[in-house]
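Taken in order, these protein sequences are the chains called A, D and V. If you read the first sequence in the numbering used here, its first letter stands for residue 30, the second for the next number, and so on. If you read the second sequence in the numbering used here, its first letter stands for residue 44, the second for the next number, and so on. If you read the third sequence in the numbering used here, its first letter stands for residue 19, the second for the next number, and so on.
It is possible that part of the hints are untrue.
What the hints assert, rightly or not - Derived lysine-lysine pairs resembling BS3-like cross-links, with alpha carbons at most 25 Å apart:
| hint | chain 1 | residue 1 | chain 2 | residue 2 |
| --- | --- | --- | --- | --- |
| 1 | D | 47 | D | 72 |
| 2 | D | 170 | A | 184 |
| 3 | A | 307 | V | 204 |
| 4 | A | 307 | V | 108 |
| 5 | V | 281 | A | 307 |
| 6 | A | 307 | D | 134 |
Please keep in mind that the hints were generated in silico from the structure rather than gathered at the bench.
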Amino acid sequence: MIEAYFIHLLILIGIYIILAASLNLAMGNTGLLNVGHVAFYAIGAYTSALLALNLNIPFWIGFLAGGILAALFALLIAIPTLKLRGDYLAIATLGLAVVVESILRNWTSLTRGPLGLPGIPKPALFGMTFNNNSYLILVIIFSVITCLIIYYITKSPFGRVLKAIREDELAAASLGKNTTKYKTQALVISAFFAGIAGSLYAHYINFIDPTTFSVLESILIISMIIVGGLASVKGAVIGAVILTLLPEPLRFLPIPSFAIGALRQILYALLLVIILIKRPQGIWGEFTKQKENGA
Amino acid sequence: MVLKVTNLEKDFGGIKAVNNCNFEIKENKITTLIGPNGAGKTTVFNLITGLIKPDKGHIHFRGNHLVGLKPYKIARLGLTRTFQLIRLFPKLTAMENMLLVRSNELERFKDLIFNPKKIRHEENLNKQRCMEFLELVGIPEKHNFLAENLSFGQQKLLEIARALATESPLILLDEPVGGVNPKLRDKIRNILIKIKEQGRTLLIIEHDMNFVMKISDKVIVLDEGTVIAEGPPKKIQNNKKVLDAYLGGNKK
Amino acid sequence: MAFSQLIINGLIAGAIYALIASSFSLIFNIIKFMDLSPGAIFVTAAFSAYAFNVLFGLHFLIALILAITVAVALALLVNLIVYQPLIKRKSDSFTLLLASFGVFLIITGFILLIFGAEVRTFGLPITKGYELLGFIITKTQITLIVTSIVVFIGLQLFMKKTKLGKAMRAMADNKQVASGIGINVKKITNITFIISAALAAIAGILVGLEQNIDHNMGFLVILKGLTASVIGGIGNVPAALIGGLIIGLVENIGIWYLPSGYKDAIAFVILIIFLIFRPKGIFGVKTREETSG
Chain A
30 MIEAYFIHLL
40 ILIGIYIILA
50 ASLNLAMGNT
60 GLLNVGHVAF
70 YAIGAYTSAL
80 LALNLNIPFW
90 IGFLAGGILA
100 ALFALLIAIP
110 TLKLRGDYLA
120 IATLGLAVVV
130 ESILRNWTSL
140 TRGPLGLPGI
150 PKPALFGMTF
160 NNNSYLILVI
170 IFSVITCLII
180 YYITKSPFGR
190 VLKAIREDEL
200 AAASLGKNTT
210 KYKTQALVIS
220 AFFAGIAGSL
230 YAHYINFIDP
240 TTFSVLESIL
250 IISMIIVGGL
260 ASVKGAVIGA
270 VILTLLPEPL
280 RFLPIPSFAI
290 GALRQILYAL
300 LLVIILIKRP
310 QGIWGEFTKQ
320 KENGA
Chain D
44 MVLKVTNLEK
54 DFGGIKAVNN
64 CNFEIKENKI
74 TTLIGPNGAG
84 KTTVFNLITG
94 LIKPDKGHIH
104 FRGNHLVGLK
114 PYKIARLGLT
124 RTFQLIRLFP
134 KLTAMENMLL
144 VRSNELERFK
154 DLIFNPKKIR
164 HEENLNKQRC
174 MEFLELVGIP
184 EKHNFLAENL
194 SFGQQKLLEI
204 ARALATESPL
214 ILLDEPVGGV
224 NPKLRDKIRN
234 ILIKIKEQGR
244 TLLIIEHDMN
254 FVMKISDKVI
264 VLDEGTVIAE
274 GPPKKIQNNK
284 KVLDAYLGGN
294 KK
Chain V
19 MAFSQLIING
29 LIAGAIYALI
39 ASSFSLIFNI
49 IKFMDLSPGA
59 IFVTAAFSAY
69 AFNVLFGLHF
79 LIALILAITV
89 AVALALLVNL
99 IVYQPLIKRK
109 SDSFTLLLAS
119 FGVFLIITGF
129 ILLIFGAEVR
139 TFGLPITKGY
149 ELLGFIITKT
159 QITLIVTSIV
169 VFIGLQLFMK
179 KTKLGKAMRA
189 MADNKQVASG
199 IGINVKKITN
209 ITFIISAALA
219 AIAGILVGLE
229 QNIDHNMGFL
239 VILKGLTASV
249 IGGIGNVPAA
259 LIGGLIIGLV
269 ENIGIWYLPS
279 GYKDAIAFVI
289 LIIFLIFRPK
299 GIFGVKTREE
309 TSG
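Chain A with its partners taken away, still in its complex shape:
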């Protein structure tokens, strides 16, 4: 029982690592204020789940489809907003999160609305089904690959332009960089990985409904990268571990579930605000470099 609980937590941590690391690419490295990362997570989860349930499409194709559809939605949001100042992206992504949740709730013929989608199959490979223990291995592989890819991107010349855009977009443009194109690519890549995370979640938990993908989930992911530290893959991992585990003890308190929900919400948000005020570079942020290099 306890072992199963730990495996469950580890799988969740793995999925959140993918979400946090991917959001970090857009938000920490490029400075894009994406407050609706959860929308891409939801799109990935529902796409892959619906493909599996309705068309018997195996997970291995479904998860790619989920990632790609999430990336397409990111492109759709990026085109009108990334030419504008950063704040507009915040509203647009928040809006996207609401629209996506609204569609999940109301397109009942497809998504079954608030009833959710039960019986999402676990992935199988060569006749072997991934059950809890082996699913953990699958999640670990996916999250390690995601982190490596994102690390590789951020250390590349492409990633360097993203950072330059975050620091001073006008200066980057005056060096001949097409900043809108780079911002769009960063958002699309970030959304792709969120889509994959959604698919991994759906096929693990076997049942998804719109409540899993509320905007609170977005703020949780944001808190993870702020707590861990912006623009650092290591930070995203640490943030994901801390924030997944932090509210777990609440589960054992003898209080009604709405109060647990409220306390979780307060805990995440309080941590976010305190870190923003007291330690803006996060626990393991790139900005701690100052200390290593400072004269």
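Could you slot chains D and V onto chain A? The hints should help.
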């Protein structure tokens, strides 16, 4: 002739910032652009680099018409500038700041997937080349420092190194020794002269007359948007029109 | 339901969005960041009024004044302990927006903790509505519309005619210049938060009177208020008013054609359309676009 400006005019809400401005820059020379505050020096830079469009006139750069081109297109033709105020990326290291100006061709996401070898190879070459420029300006040991952790003088040097790293044949420098102490000023002067000796052409805006007189092959004096005098430093020093313009400009 | 009824419903919703939009755009214009906390102030006011009136049995008018006071005090407290330290450190608008999101969740989290998840009503006697031209309008709804109109006229007069209003507009134009000509920036900041909170509080109480209240009501309202101010052009009071009315009307008329569940999504579709074709909004004078590339 590297650069030729003819009949340039720019009007800002009824005020002629640049008025019938004509001058030429010769290859492999240091030309300085001086003039009292508000004479239109920075506006001329902005017009040349395409940040603003002239109302009238032509700008020729090595056989190309620059008027109407986007700033980044002009930059790619081989014309680089620095700004009056330092504009580095503060949270990028000195080396990263340098590399940014050399890697426009390496930054495509596509290549990251399909051509990683080429990226790695050229990135290494660029790093070596950038290191040479950092050595030239005398801050090679700072390559791994965040730009914001460098002193003001080191930031100035880094900006000059970055302009050099573009390998542009023509470099426009807006007040390279503004706010800098005499020791660093002389250092920058030596660096710029060394660059000239390597075959590049410089156009410099500067207020520091000591610096201007020592470094220039040719001085162009701008007043109210028009060239009122040009020639070697010695000749300019004794030009009556120039003295008048400066006295007039300082009256206030 | 008659079509004219949808128009009336749209106007009522629009009035609320317009109040929130003004609350939001005051802070955006003067303090220069996107503040989501008015959404939480809105919920706080509604629940405080409910508590004072229904739980403690105070007269409605007293409850109303106390609720606005609580809301204003909360906004000032948030400014003092969250925003000021960040502004002092010269944080970017990005950090302030995130902090305000955090503040929003902390406040609504506490409201959920205290009042629980169930839906509350003020328990006003349900009066039969007046029937006019094919639509029904209740006394409360008339109160809501009249109150909003009075508040908007008052706000517009305050901004245009009074010394404080002019100081606020000066600070919106340029903070440095404003402080240079002797405007007390700290005082104006606090006054901005006070007025902004009062507007959000009035909206919250009006919604509480007209509909139910629950801890979740703030989120959609602040999002639509934000959208309304973008559509109007994040500029002045009339812009917020027009933006709010457009959202209110379009989403209520929209459900004539679409399932009502999509009501909340409609506002954002309009937002995207505006962002593509007219990002400056209807009244946008200042260009908010950055030149890039």
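Right, here's what the structure says about each hint:
no. : hint             : verdict
1   : D:47 with D:72   : 14 Å, holds
2   : D:170 with A:184 : 14 Å, holds
3   : A:307 with V:204 : 22 Å, holds
4   : A:307 with V:108 : 14 Å, holds
5   : V:281 with A:307 : 40 Å, violated
6   : A:307 with D:134 : 20 Å, holds
The structure does not agree with numbered hint 5 stated previously, though it agrees with all others.
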